[in-house]
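Protein chains in written order, with full-length UniProt numbering: chain A, 1 to 286; chain B, 1 to 286.
Everything labelled a hint here was simulated from the structure, so no lab data went into it.
Treat each hint with caution, since some may be false.
Given that identical chains are not distinguished, each listed pair holds provided it fits within a single copy or across any two copies.
[Claimed, not checked] The list that follows gives simulated cross-link-like pairs (lysine-lysine, BS3-like), each with its CA atoms no further than 30 Å apart:
#1 K46 <-> K183
#2 K46 <-> K252
#3 K29 <-> K183
#4 K160 <-> K46
#5 K183 <-> K266
Number of protein chains: 2
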Amino acid sequence: MAAILHCSITPNLPSSVHSSLTTYKPMHKEQSYWASINSDIETHLKMSIPIRSPLSVYEPMHHLTLSAPRSMAPALCIAACEVVGGHGHQAIDAAAAVHLMQTAAYTHENLILLDQQKPNLAAHHSYDTNIQLLMGDTILPFAYELLASSDDSTGNNSHKILRVIIELSQAMGTQGMIDGQYKKMQRIGSDDRLIYQVCKKMEGELYSCGAACGAILGGGSDNEIKKLRRYGLYVGLIHGMMLRGIGLGRVKEIKALALKELHYFKNQNIEAITSLVDARLFRSSS
Amino acid sequence: MAAILHCSITPNLPSSVHSSLTTYKPMHKEQSYWASINSDIETHLKMSIPIRSPLSVYEPMHHLTLSAPRSMAPALCIAACEVVGGHGHQAIDAAAAVHLMQTAAYTHENLILLDQQKPNLAAHHSYDTNIQLLMGDTILPFAYELLASSDDSTGNNSHKILRVIIELSQAMGTQGMIDGQYKKMQRIGSDDRLIYQVCKKMEGELYSCGAACGAILGGGSDNEIKKLRRYGLYVGLIHGMMLRGIGLGRVKEIKALALKELHYFKNQNIEAITSLVDARLFRSSS
Numbered sequence: 001m002a003a004i005l006h007c008s009i010t011p012n013l014p015s016s017v018h019s020s021l022t023t024y025k026p027m028h029k030e031q032s033y034w035a036s037i038n039s040d041i042e043t044h045l046k047m048s049i050p051i052r053s054p055l056s057v058y059e060p061m062h063h064l065t066l067s068a069p070r071s072m073a074p075a076l077c078i079a080a081c082e083v084v085g086g087h088g089h090q091a092i093d094a095a096a097a098v099h100l101m102q103t104a105a106y107t108h109e110n111l112i113l114l115d116q117q118k119p120n121l122a123a124h125h126s127y128d129t130n131i132q133l134l135m136g137d138t139i140l141p142f143a144y145e146l147l148a149s150s151d152d153s154t155g156n157n158s159h160k161i162l163r164v165i166i167e168l169s170q171a172m173g174t175q176g177m178i179d180g181q182y183k184k185m186q187r188i189g190s191d192d193r194l195i196y197q198v199c200k201k202m203e204g205e206l207y208s209c210g211a212a213c214g215a216i217l218g219g220g221s222d223n224e225i226k227k228l229r230r231y232g233l234y235v236g237l238i239h240g241m242m243l244r245g246i247g248l249g250r251v252k253e254i255k256a257l258a259l260k261e262l263h264y265f266k267n268q269n270i271e272a273i274t275s276l277v278d279a280r281l282f283r284s285s286s
Numbered sequence: 001m002a003a004i005l006h007c008s009i010t011p012n013l014p015s016s017v018h019s020s021l022t023t024y025k026p027m028h029k030e031q032s033y034w035a036s037i038n039s040d041i042e043t044h045l046k047m048s049i050p051i052r053s054p055l056s057v058y059e060p061m062h063h064l065t066l067s068a069p070r071s072m073a074p075a076l077c078i079a080a081c082e083v084v085g086g087h088g089h090q091a092i093d094a095a096a097a098v099h100l101m102q103t104a105a106y107t108h109e110n111l112i113l114l115d116q117q118k119p120n121l122a123a124h125h126s127y128d129t130n131i132q133l134l135m136g137d138t139i140l141p142f143a144y145e146l147l148a149s150s151d152d153s154t155g156n157n158s159h160k161i162l163r164v165i166i167e168l169s170q171a172m173g174t175q176g177m178i179d180g181q182y183k184k185m186q187r188i189g190s191d192d193r194l195i196y197q198v199c200k201k202m203e204g205e206l207y208s209c210g211a212a213c214g215a216i217l218g219g220g221s222d223n224e225i226k227k228l229r230r231y232g233l234y235v236g237l238i239h240g241m242m243l244r245g246i247g248l249g250r251v252k253e254i255k256a257l258a259l260k261e262l263h264y265f266k267n268q269n270i271e272a273i274t275s276l277v278d279a280r281l282f283r284s285s286s
């Protein structure tokens, strides 16, 4: 869906960004590919979180999940699964879980930021802080439950799902988004080098995790998983930097590093996944 | 260890509790059994959360985990595993995860309660609210990572671990502890019936989950898992009611229901697990 595709990746991009994306061309085919994936994820999320009793819990959970800022990390999860030869539907629960993790982190980050300057990307919730606190705590276990429940009755997929759970936990945890939030919390606003670290830990880890999870579930080899994990890290870094409008002089260099990781897959259909380095593709068209 | 065994289960018990536990006898053998299990869990937690870099994250995580109020739910996880014929060490990660879940919930509940009346059981942290928020968010994924990583290289145990992850997620989520916290947040202080619901959702779900997880990992049948899950619910309910000093007239009745679930295991060694209904066994001796 357009709403989820044209998300908050590049709001109010500085003009310097455009010049750094010298290879940008309108890629309608790829845009359509990502829109279709995002639509599937949106539908899956809506089905997974029905509004049921107790309404006081499910309604805000449903609302926060669907109104939280989006990234392309969940879609990258599906795309990575397909690059290694899997079918996208094998990674749909993991993709939804990636979005849920991001939602939980965002919901709680809003609380940290309450007494600090709100960034432009922060939506304003109508829920009080206690509800936001509880909702973050609800969404996280729900993401794990969704994933763990995706095991088929034969249990043949169990080991892969556990690997995905480890990837997600590490992306969320002390070496990942929590570390990014901690750095962010320390009001490191004006120091570009530190904001770069925040982008790496936040969007970088999230995209990296999304790509690795998709590759695991698609049956990728360890080497394929490793390369897609690194590709995700670079793409997330680019998207994070563009989101914050910092370090834009480095985008070209990071883009080259990202594309280098994809050389390994040159015989596969990588047109769509390659397009993800061009974050301008995902800017709001509204 | 005594510190973890003699936890906050029955602080300042009203005298009516003692009279309701008419079958209480000093059970040194059982006390020693639980102390030994709790010591193993404490050691495992200490080893699992080393104090390493970044210290700003690991130190509070380590401290909060080890200083949070304890319950007997993790020990029940080990005991349930043994009742169905498993070895306690098969359930040690799950037991640690149960404690970590409880710690995460407690850490965030402290934030909810900041502008409300603090119950006697709440410890006072020296960390600011943002750190407590981040720590809760760190501890939860860490619990899942610990569990998922406990899969052996053959992957034979994967399906069981995924079942445990579902149990834990449900105990934490919208039908479990979150629902309990939501009810608690609504300041339902004086209504015994509602506090009973809180006990059921908080301690009840936690103990129930602990028992079910242990039974799953020990290789219990569906029926055994079901019975131990219900036993855990009743024991948790008793411990929760005694902790809050409410509904004590119902303890005897609930205790009978709990013991009924154990009839099924009459040919197994259930002396120790049976002793858990006598919450006075676990009162502080300090």
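Taking the hints in turn, this is what the structure says about them:
no.: 1; hint: K46 <-> K183; result: between (33 Å within a copy, 26 Å between copies)
no.: 2; hint: K46 <-> K252; result: neither (37 Å within a copy, 45 Å between copies)
no.: 3; hint: K29 <-> K183; result: neither (38 Å within a copy, 50 Å between copies)
no.: 4; hint: K160 <-> K46; result: both (25 Å within a copy, 28 Å between copies)
no.: 5; hint: K183 <-> K266; result: neither (37 Å within a copy, 56 Å between copies)
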